[in-house]
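Listed in order, the protein sequences are those of chains R and H.
Per my numbering, the first sequence starts with residue 183, numbered consecutively.
Per my numbering, the second sequence starts with residue 2, numbered consecutively.
I should point out that these hints are in silico values taken from the structure, not numbers from a laboratory.
Treat the hints with caution; some may be incorrect.
Going by beta-carbon spacing under 8 Å, a handful of chain R positions derived as facing chain H [unchecked claim]:
#, residue
1, G223
2, G225
3, P308
4, G412
Ideal placement from N, C-alpha and C gives every residue a C-beta, glycine not left out.
Listed below are the residues making up each chain.
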Amino acid sequence: MRTGQQRPSAWYAAPALLFFGLFAVLPMVLVVYLSFTDWDGFGFPQPSGAENWSRLVQDGEARDALWLTLVLMVLSWAVQTPVALLIGVWAAGRQRNRAVLSSLFFLPLLLSTAAIALLWRSVLDPNFGVTQSLPFLDRFNFLGNTEIVIYTVVFVITWQYVPFHTLLYQAAARSIPVSLYEAATIDGAGRYKQFFTITLPLLKYTVITSTVLMLVGSFTTFDTILILTGGGPGTTTRIAPLYMYITGFSGFEFGYASAIAVLLLALGAGLSLVVTRATGFRDMQSQQEGV
Amino acid sequence: MTPRRLTRVAASASTLVLLGSLVACGSSGPSGSGGGGGDTAQVWALQDTNLNPIEEASIERFNEQSEAGDAELATFGNDPYKQRLRTAIGSPQAPDLFFNWGGGNLKEYVDAGKVEDLTPLLDENPELKDAFLPSVLAGAQLDGQYYGLPMRGMQPVVLFYNEQVLDAAGVSVPTTWNELLTAVDGLEAAGVTPIALAGNQAWTELMWAEYLLDRVGGPEVFQNIRDGKEGGWSQPEVLEAMTMLEDLIDRGAFGSDFASVGYDVGGASTILAQGDAGFHLMGSWEYTNQLGQSPDFVTTGDLGWTAFPAVEGGAGDPSNLVGNVSNFYSLTTDSTNKETAREYLSTALTDDQYIADLIAAGDVPPVTGVRDQLEQTENADYSTWIYDQTVEAENFQLSWDQDLAADEATEMLEQLSLFFLGEQTPQGFVDAMAG
Chain R
183 MRTGQQRPSA WYAAPALLFF GLFAVLPMVL VVYLSFTDWD GFGFPQPSGA ENWSRLVQDG
243 EARDALWLTL VLMVLSWAVQ TPVALLIGVW AAGRQRNRAV LSSLFFLPLL LSTAAIALLW
303 RSVLDPNFGV TQSLPFLDRF NFLGNTEIVI YTVVFVITWQ YVPFHTLLYQ AAARSIPVSL
363 YEAATIDGAG RYKQFFTITL PLLKYTVITS TVLMLVGSFT TFDTILILTG GGPGTTTRIA
423 PLYMYITGFS GFEFGYASAI AVLLLALGAG LSLVVTRATG FRDMQSQQEG V
Chain H
2 MTPRRLTRVA ASASTLVLLG SLVACGSSGP SGSGGGGGDT AQVWALQDTN LNPIEEASIE
62 RFNEQSEAGD AELATFGNDP YKQRLRTAIG SPQAPDLFFN WGGGNLKEYV DAGKVEDLTP
122 LLDENPELKD AFLPSVLAGA QLDGQYYGLP MRGMQPVVLF YNEQVLDAAG VSVPTTWNEL
182 LTAVDGLEAA GVTPIALAGN QAWTELMWAE YLLDRVGGPE VFQNIRDGKE GGWSQPEVLE
242 AMTMLEDLID RGAFGSDFAS VGYDVGGAST ILAQGDAGFH LMGSWEYTNQ LGQSPDFVTT
302 GDLGWTAFPA VEGGAGDPSN LVGNVSNFYS LTTDSTNKET AREYLSTALT DDQYIADLIA
362 AGDVPPVTGV RDQLEQTENA DYSTWIYDQT VEAENFQLSW DQDLAADEAT EMLEQLSLFF
422 LGEQTPQGFV DAMAG
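In isolation and in its complexed conformation, chain R is listed as follows:
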């Protein structure tokens, strides 16, 4: 036997590679191919050169959709992070009332996206929704007003995903050694000082993890918006993935829809690369050496 650590046989990777190849690489290659064709679903795709791509460059609707995707990404990150962080740190406490309330906060985690979107669509309905019988709220048309609807979408996405990120923060906050807080208390640090000098710095990598998940997650958000607003009113909430879907499966322009898909694929991959590089996600190390 050779010395040193024995690595598992390369065969171990075969099932994973096969799976990845067939369900990730192959569709990607096909979609790149389709983006250079004209295909309405009948017969075989007809090669059309770079026609779809030159159309995409000039397509103002695609630009609007991408911009909207970016707005949605930034808004949901900016809203979700502080909320999840605060609830997470709060829920990390071991008091009984906190345990009971946090299990209530985690309820949305148990619901499927479709159920959540349908639920909020009925709650916010301008004629029959719950909000219509509440004071103050009844003066807003949350799904029909073109200026409000994007915030409604952010709210619903936040409601759906905050519990998950809260869970991340709760677990991370619980792993911070109590001795640090005890020492700080002896040194005379108050509750807020402890939060900003101990809790927050030690949660740095959790913030990064949660940020990556949020950004990539909202970049690919699709089902919630499809059910909640269908991209409307008009095109106010038609984000890029939805634009791709409508082009492909209502307009049956599969070639052009594939071009949009390739663009999204490239942007999504670029986004994760940039975020992981910029935040040092790749060389994450333990923050608790010596504790």
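Based on the hints, put chain H in the right spot on chain R.
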């Protein structure tokens, strides 16, 4: 066996299992039977709790006495159906008979050479051709040839109203566009939303646009656009109709909340039934819908219906109808069971029991001479009115989103929803569609 060898065996075994399951995925057809190529004719239709048992029974009766072979029904939801049919039609998984809406929707398939011409079948069986109302049969007629036979009731779009609301506001049922405008102003003054509109999806808004365009310009305008004629969208009638529609929207005819009212969740129908709106323009299925949702509203006689108002000086005949002409069965050119399919088309769709079942389910079949049967039903007032309207209609225009090719229809619906929100002008609509 050494541990190392064991892992190798385990890895290759799981690879095999994965491969095996992939192969299994690839070969599952509709209802597991693999579609065409078999000796049973595949009939594809939409899922519909009312219609499916009737279609199923019809196929069962056919199979008992058919000479050529057996048929089998497979059903799909609306959107999956459209996607599935597209990709299946050129493959060995293609159906033999498929459900469609006629018009431009069918034209795409005909142009791709996927649909069998049924004109010879109708020529051989003149009594079959005479059995259907000509205006409905024309719904699947392209370039003079017939590509489909009607397989269900007619669904013209009808102007429904709440009689109690109209009476309370002192408004009468309009027969012309100007009377409608007066009625809208009267209802607004009385503090109700004049017209209920489920504007969360654009097809409900489309009903207003297509009826107005028909009244203003007549059927030729639609035909020029459908045939892709140069300047089809820039015909002056389109701009005129859209300008009239803008006027209606600007008067507040649809209220301010319509953009988030959904039809599927019963929004607009409930608004009308509860007396919060005066009118509701909807397909003829709205009657059955109201009967199920708000039976009292229908039985007390408060639910009224009338033809879309005439436009003074417009080229379209006031008897013209717009809507879903009917649904059709068409035969694929690649079908391997053409004999069975032809026999089904020529015997089953005009079968007495099939027609009686459709009528019992509330449909108004596009078949000549069923008026007597309709008179004996519970909702005779309504169903005979629909029947008479379609018999007397000079033209029955297919709903525009079905009549145009899919990419153009998608663009049009999007522009229309922007238009109703006031983010697109009539001229802007024309330019966007013509460009």
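Hints and how they fare:
Among the interface hints, the one on G223/R holds; its C-beta lies about 3 Å from the nearest C-beta in chain H, closer than the 8 Å criterion. A hinted interface residue such as G225/R counts as satisfied when its beta carbon comes closer than 8 Å to some beta carbon of chain H; here the least separation is about 5 Å, so the hint holds. Hint on P308/R holds. Least Cβ distance to chain H is approximately 4 Å, under the 8 Å limit. With its C-beta approaching chain H no nearer than about 7 Å, G412/R sits inside the 8 Å limit, and its interface hint holds.
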